[in-house]
Amino acid sequence: MGLVAQQWYLCAIATLTVFGYIVIAGTRSSRSTLPLQKQCQLVCGSCLRNFNKLLVRILKQGPIPQHVAFIMDGNRRFARKSQMASVSSGHFAGFQNLSNVLEWCKDLGIGNVSIFAFAINNFNRSPEEVSSLMELAEEKLKELADRSVAEDNRELRIRVVGNRDLLPERVVKSAEYAERITKDYSVMTLNVCFPYSATDEISSAIRKVVEDVEAGKLSTSDIDERTLESRLQIPGPDLDILVRTSGEIRFSNYMLWQSAKMAYIQFVDVYWPEFSFFHMFKILISWQMASKKIKEKKIQMDSKPTQL
Amino acid sequence: MQAVLWLATAVLVAALTHIGGRRDKGEENPAKQSISQQLCDGACTVVLRAVHLALAVHRSFQGWVQSSLEQAGLDVQELLEGDDTEETTERRRHLAGFLASLPQRPEHLAVILPEGRESSIDDVEVLCAWGLLAKVPRLTIYTRDSGMQNSFDGSASRLRKSKMAARAFGSTPRISLDSTSRIEHLGVGTALADADADQQFDIRVSLWSRRNGYPALCTLAQELAAQMQCGPLESKDIGERLVSNRLAEPSGHCHPDLILLVDDLACLPDFPPWQLQSAEMVQIDANGRSLGDAFFKALVRYAKVERRWGK
Chain F
1 MGLVAQQWYL CAIATLTVFG YIVIAGTRSS RSTLPLQKQC QLVCGSCLRN FNKLLVRILK
61 QGPIPQHVAF IMDGNRRFAR KSQMASVSSG HFAGFQNLSN VLEWCKDLGI GNVSIFAFAI
121 NNFNRSPEEV SSLMELAEEK LKELADRSVA EDNRELRIRV VGNRDLLPER VVKSAEYAER
181 ITKDYSVMTL NVCFPYSATD EISSAIRKVV EDVEAGKLST SDIDERTLES RLQIPGPDLD
241 ILVRTSGEIR FSNYMLWQSA KMAYIQFVDV YWPEFSFFHM FKILISWQMA SKKIKEKKIQ
301 MDSKPTQL
Chain B
1 MQAVLWLATA VLVAALTHIG GRRDKGEENP AKQSISQQLC DGACTVVLRA VHLALAVHRS
61 FQGWVQSSLE QAGLDVQELL EGDDTEETTE RRRHLAGFLA SLPQRPEHLA VILPEGRESS
121 IDDVEVLCAW GLLAKVPRLT IYTRDSGMQN SFDGSASRLR KSKMAARAFG STPRISLDST
181 SRIEHLGVGT ALADADADQQ FDIRVSLWSR RNGYPALCTL AQELAAQMQC GPLESKDIGE
241 RLVSNRLAEP SGHCHPDLIL LVDDLACLPD FPPWQLQSAE MVQIDANGRS LGDAFFKALV
301 RYAKVERRWG K
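Sequence lines, in order, name chains F and B. Numbering (my numbering) for the first sequence: 1 to 308. Numbering (my numbering) for the second sequence: 1 to 311.
Isolated chain F, as found in the complex (with noise of 0.2 Å):
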């Protein structure tokens, strides 16, 4: 190849460079109007789509866990972080993510979700975040019902599990119409926790155990770790993996039952709403990795005898 050529190719890639950049960089901000960066942003999104779905693909080759709980941390972070106009913002963009993680979910053909949505503790919060909380959570429950049922596949089941004693009565008229209305769908099922803790779901079980007894349809005898473990809000199936958002590393009393009990857990640093389907892979790779070890030491618990 000629000086003058090579010279001329050098100056033709970098200059795709340097366009593709400003598409690829115009493409990522939300407020692209340009008619190019819009159809760079349809193609981009559709190869996106595309790979994540091979993405998919080569995961359903191996084992796939049957129950993954998220907490989903640092949504008030990422508004602050985005400068967005309020914390409830921050709060909207972790449902969105929400929806995605859930498709992501359906895809790969786990068939429990949890997800940590508001905790008794986080009523302390000021009454403006609490009750644009509360909001959210009666439009969005409806929404996701909804959604559920136009859907020609009817696949998820929507269960809302918590205190309901301390919720409005709107909120709750909304979470026992989506589990009214998705009742019957087997598919995917989803354990939304709004208002939960650990403490007030393991008190809660031992309570209704305790009544069993009074009622004369169990035995002192009776009463074991199963005897328990069914009373439960989320009584199963067995928790295979916790991850927790935004970087903190604690449990926040969330599934405490679950999650002790060889559940593989993972703390991941990066806001609720940007976690993307890149965490999921490498979290699932991960969970893959090492399955078949959790797997032997699950079996070798289980064939020591439970000591009282």
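Because the hints were derived from the structure by calculation, they are not lab data. In this text the structure is predicted, and so the values were computed from the model without any measurement. The beta carbon of each residue, even a glycine, is placed where N, CA and C say it ideally should be. Please note: incorrect hints may appear among the correct ones.
Computed list of lysine-lysine pairs in DSS-like fashion (alpha-carbon distance at most 30 Å, straight line) [as the list claims (entries may be wrong)]:
#	chain 1	residue 1	chain 2	residue 2
1	B	K304	F	K282
2	F	K282	B	K236
3	F	K295	F	K106
4	F	K53	F	K295
Okay, the calculated beta carbon distance ranges per label pair [claimed, not checked]:
#	chain 1	residue 1	chain 2	residue 2	range
5	B	T9	F	A14	19 to 25 Å
6	B	N245	F	P237	30 to 36 Å
7	F	K282	B	E234	32 to 38 Å
Knowing the structure of chain F, use the given hints to seat chain B on it.
Chain B alone, transformed into the frame defined by chain F:
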């Protein structure tokens, strides 16, 4: 030629993406899948195995780099196990000063060790010494089996005359060691040996096993059921506060602030669930690494945590 190769690769990836992205109605029954779908599944399996292998190699490499760096750097375990030279004492003082300067330290640290460790008494001694050095008031050591609890006497005897603990503390420490049904006060005078729980100790060490968790909750449920049958208790009285009070231990129960999981697997082996509620968790793979090093790293990690309590 290069351009042709790039083009061929791009077409292959595009084809794979397209085929892999298509919805497959015969997915549940592999026999009904078309040849192309089966070939795609086969290729995806190869890719998945390659990704697993690459991740395993990456982790091994990371582990090797980490252990090489640590060998070249400060071996914190040496500071307590080694002889009392001037240099070691000075370094130990620096380390204690550094740990004291951390913005926050746990009041109660729980260490989860894998089952079946042969060196359980050594582990108790090392962890107790580190707890004393870092001025952690309460230390819990958990193993799923009761091995640690069964060697209670051995642990008590070792801690009573532990030079490591004395080095860490600077003098003979007052240690309270307890297990499910036993409690011993070490390093205190005979007259105070049977003192009540208000006795000031430099560290309280508890040995836990699975018995402290799920079985304890079942036992509690049985006791409450029996109480209700006898009369004084009503079901509406059973709530978080009652359960918490009933699970409190005689030696003074508080939930761990920090849990150090010493295992290569990020899973809790039946750790008492009620006690996890406000704990931060740090997982460190102790393969080729000392317990002291893991303890140190956990404290440094905990120091950066921001606790918001639901707000």
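Index of numbered hints that the structure contradicts, given in increasing order:
2, 7
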